[in-house]
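A.B. asks: Take a look at the letters that make up each chain.
2 protein chains.
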Amino acid sequence: MNILVTLNSVYVRPLLVMLKSLFMSNPQEQFTVFLMHSSLSQDEVAAIDGFVTKHGHKLQVLHVPDDFFSNAPVTMRYSKEMYYRLLAYKLLPPEVDKILYLDPDILVINTISKLYQTDISDYLFAASFHKRILAKELNMVRLNAYDMQEYYNSGVLLMNVSRQRHEIDERQIFEFIDKYKNRLVLPDQDVLNSLYSDSILALDETIYNFDTRFYHYYKLVSNGTVDMDYVFKNTCILHFCGKKKPWHKNYLGVFLSLYKYYEKQVTDEVGLLPTESEVSPTPMQLAPSLLRT
Amino acid sequence: MNILVTLNSVYVRPLLVMLKSLFMSNPQEQFTVFLMHSSLSQDEVAAIDGFVTKHGHKLQVLHVPDDFFSNAPVTMRYSKEMYYRLLAYKLLPPEVDKILYLDPDILVINTISKLYQTDISDYLFAASFHKRILAKELNMVRLNAYDMQEYYNSGVLLMNVSRQRHEIDERQIFEFIDKYKNRLVLPDQDVLNSLYSDSILALDETIYNFDTRFYHYYKLVSNGTVDMDYVFKNTCILHFCGKKKPWHKNYLGVFLSLYKYYEKQVTDEVGLLPTESEVSPTPMQLAPSLLRT
Numbered sequence: 105m106n107i108l109v110t111l112n113s114v115y116v117r118p119l120l121v122m123l124k125s126l127f128m129s130n131p132q133e134q135f136t137v138f139l140m141h142s143s144l145s146q147d148e149v150a151a152i153d154g155f156v157t158k159h160g161h162k163l164q165v166l167h168v169p170d171d172f173f174s175n176a177p178v179t180m181r182y183s184k185e186m187y188y189r190l191l192a193y194k195l196l197p198p199e200v201d202k203i204l205y206l207d208p209d210i211l212v213i214n215t216i217s218k219l220y221q222t223d224i225s226d227y228l229f230a231a232s233f234h235k236r237i238l239a240k241e242l243n244m245v246r247l248n249a250y251d252m253q254e255y256y257n258s259g260v261l262l263m264n265v266s267r268q269r270h271e272i273d274e275r276q277i278f279e280f281i282d283k284y285k286n287r288l289v290l291p292d293q294d295v296l297n298s299l300y301s302d303s304i305l306a307l308d309e310t311i312y313n314f315d316t317r318f319y320h321y322y323k324l325v326s327n328g329t330v331d332m333d334y335v336f337k338n339t340c341i342l343h344f345c346g347k348k349k350p351w352h353k354n355y356l357g358v359f360l361s362l363y364k365y366y367e368k369q370v371t372d373e374v375g376l377l378p379t380e381s382e383v384s385p386t387p388m389q390l391a392p393s394l395l396r397t
Numbered sequence: 105m106n107i108l109v110t111l112n113s114v115y116v117r118p119l120l121v122m123l124k125s126l127f128m129s130n131p132q133e134q135f136t137v138f139l140m141h142s143s144l145s146q147d148e149v150a151a152i153d154g155f156v157t158k159h160g161h162k163l164q165v166l167h168v169p170d171d172f173f174s175n176a177p178v179t180m181r182y183s184k185e186m187y188y189r190l191l192a193y194k195l196l197p198p199e200v201d202k203i204l205y206l207d208p209d210i211l212v213i214n215t216i217s218k219l220y221q222t223d224i225s226d227y228l229f230a231a232s233f234h235k236r237i238l239a240k241e242l243n244m245v246r247l248n249a250y251d252m253q254e255y256y257n258s259g260v261l262l263m264n265v266s267r268q269r270h271e272i273d274e275r276q277i278f279e280f281i282d283k284y285k286n287r288l289v290l291p292d293q294d295v296l297n298s299l300y301s302d303s304i305l306a307l308d309e310t311i312y313n314f315d316t317r318f319y320h321y322y323k324l325v326s327n328g329t330v331d332m333d334y335v336f337k338n339t340c341i342l343h344f345c346g347k348k349k350p351w352h353k354n355y356l357g358v359f360l361s362l363y364k365y366y367e368k369q370v371t372d373e374v375g376l377l378p379t380e381s382e383v384s385p386t387p388m389q390l391a392p393s394l395l396r397t
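Read top to bottom, the protein sequences are chains P and R.
Its first residue numbered 105, the first sequence is counted upward by one per residue in the numbering used here.
Its first residue numbered 105, the second sequence is counted upward by one per residue in the numbering used here.
I should point out that these hints are in silico values taken from the structure, not numbers from a laboratory.
Misleading hints may appear alongside valid ones.
Since the list gives no way to pick one copy over another, a pair counts as held whenever it fits inside one copy or between any two copies.
Stated by the list, open to error - Listed below are the simulated EDC-like cross-link pairs for lysine to aspartate or glutamate, each with C-alpha atoms no more than 16 Å apart in a straight line:
id	residue 1	residue 2
1	Lys194	Glu271
2	Lys184	Asp170
3	Lys353	Asp333
4	Lys194	Asp333
5	Lys353	Asp331
6	Lys235	Asp308
Because the structure is a prediction, the values reported are computed rather than measured.
If we strip away everything but chain P, and leave its shape as in the complex, we get (with noise of 0.2 Å):
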């Protein structure tokens, strides 16, 4: 099973946590993670190398070329990791005609075989729609797409990559971002909306992006059915989106301690890395889906 992961330094130590609820979750699966990256050190990627690697999966490094983004708009170059899942099918080796990009602030506390398995051979994508009351309407008017289906989240995307290679043009991605530039709240989540919603699989949120900040919206609005019983027998992907995450210093959420476990299976592991609070990072410099809101 093909995975791919974009990030930088900051979200290191997340990423293993990430991956190590992959594996744990999924005992019977091989993984090849694809690192897209274009700022880690070596070190970093060794480190990553060594979990992936001990826990009997392969890890495969794409460095993104300094050239990749010359034909983006100036605008666009600043944040440009934001973009990295977009364009990966440019550096995804051709053997690689399917692969699932997973958001480093999720947990995998379910098999992932039926979501890797699903016929996406008439899509691009197959995502899950956050749909809650009013958000659909106010992204729609903000992007003047008013042939929006749903507001697809972009954390985690199942992707059909022998598709993309013919039917994604990139500078009809950088025409995008230009012409809304000064719009763009989820710059990638933008374009994979007004772009692609027609070409996306729409997925159950409860079950393969499950927004760990809805835990009890998600309750009410099914009438009590999606509670914690249902996230531990169905949900495969919790996604702890929004900004505070569960790594840092007085995060508190429903999810927090399901969080901090997989955390200590990591530290028991490999040690303490360096935690956000102690790198500080530059805007630009943090990873595309942890700068949601």
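Given chain P's structure and the hints, the job is docking chain R onto it.
C.D. replies: Showing chain R alone in chain P's frame:
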């Protein structure tokens, strides 16, 4: 390492969750679990035995004989299960000189070898006192026990069985119960505190008997030291004290998601067992510690 548990049918499932957490958090240890009971069915005992054995440990059943409480006052015979832990020394085989009693509403999240190796040669028990503002004063007045040092919680008890065989007198316990029968709220715990508080070695509750209801209280009074990182680094035993349990529908607490994680490991292994909501226990069938408020 010897572990003592006492329960009835209603708590078979929580017991398995507790044992699973114990086994997972102590992969190097070899456990002999002593199951003291009077009402479990053969199937239930077999299920527990199968579970323990499958994990490479040993189960020994201590069936409480019908005449075990023949000398006890009538009041006590109704709730006799509450006293099993205090009278276990009478049934344990002579080679057992030390044992760790654990309530079923517990998660063990770190190694407990240090606890087990605690020198209690000069004591009958080691236990954690749960000190809360006002709680101590209230309990002291109620029991006329003004010399009581702290209010020890009986959910985690390291027992010096050799010493208990000589120093615990069941008649003394029976007399105490008879005298205070109308004033006992947490009977076994009241006995422990009133008769034996001088013979208890005090353990840090944030390490060995962390009352999950008081997460925010611990954090507050420790000026933030006892936070989630502290818990996963230091706490060995989380105790879900109180009437509301994490296996109840609509329970909400900081450690719910962690509890459900361990519960899921058990469900994946043994399938679903009847839960409390499917069984209708009479009050006196309830396990001792689970009546606590």
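A.B. asks: Can you give me the call for lysine 353 and aspartate 333, within, between, both or neither, at a CA distance of at most 16 Å?
C.D. replies: between (27 Å within a copy, 9 Å between copies)
A.B. asks: How would you classify lysine 194 and aspartate 333 at a CA-CA limit of 16 Å: within, between, both, or neither?
C.D. replies: Close neither inside one copy (41 Å) nor across copies (41 Å); limit 16 Å.
A.B. asks: When no copy is specified for lysine 194 and glutamate 271, does a C-alpha distance of 16 Å or less occur within a copy, between copies, both, or neither?
C.D. replies: within (12 Å within a copy, 77 Å between copies)
A.B. asks: Could you place lysine 184 and aspartate 170 in one of the four classes (within, between, both, neither) given a Cα distance threshold of 16 Å?
C.D. replies: within (11 Å within a copy, 75 Å between copies)
A.B. asks: Checking an output row: lysine 235 and aspartate 308, CA cutoff 16 Å. Within, between, both or neither?
C.D. replies: within (11 Å within a copy, 46 Å between copies)
A.B. asks: Pop the pair lysine 353 and aspartate 331 into one bin, within, between, both or neither, using alpha-carbon distances up to 16 Å.
C.D. replies: between (26 Å within a copy, 9 Å between copies)
When each numbered hint is compared with the structure, a violation occurs for hint 4 only.
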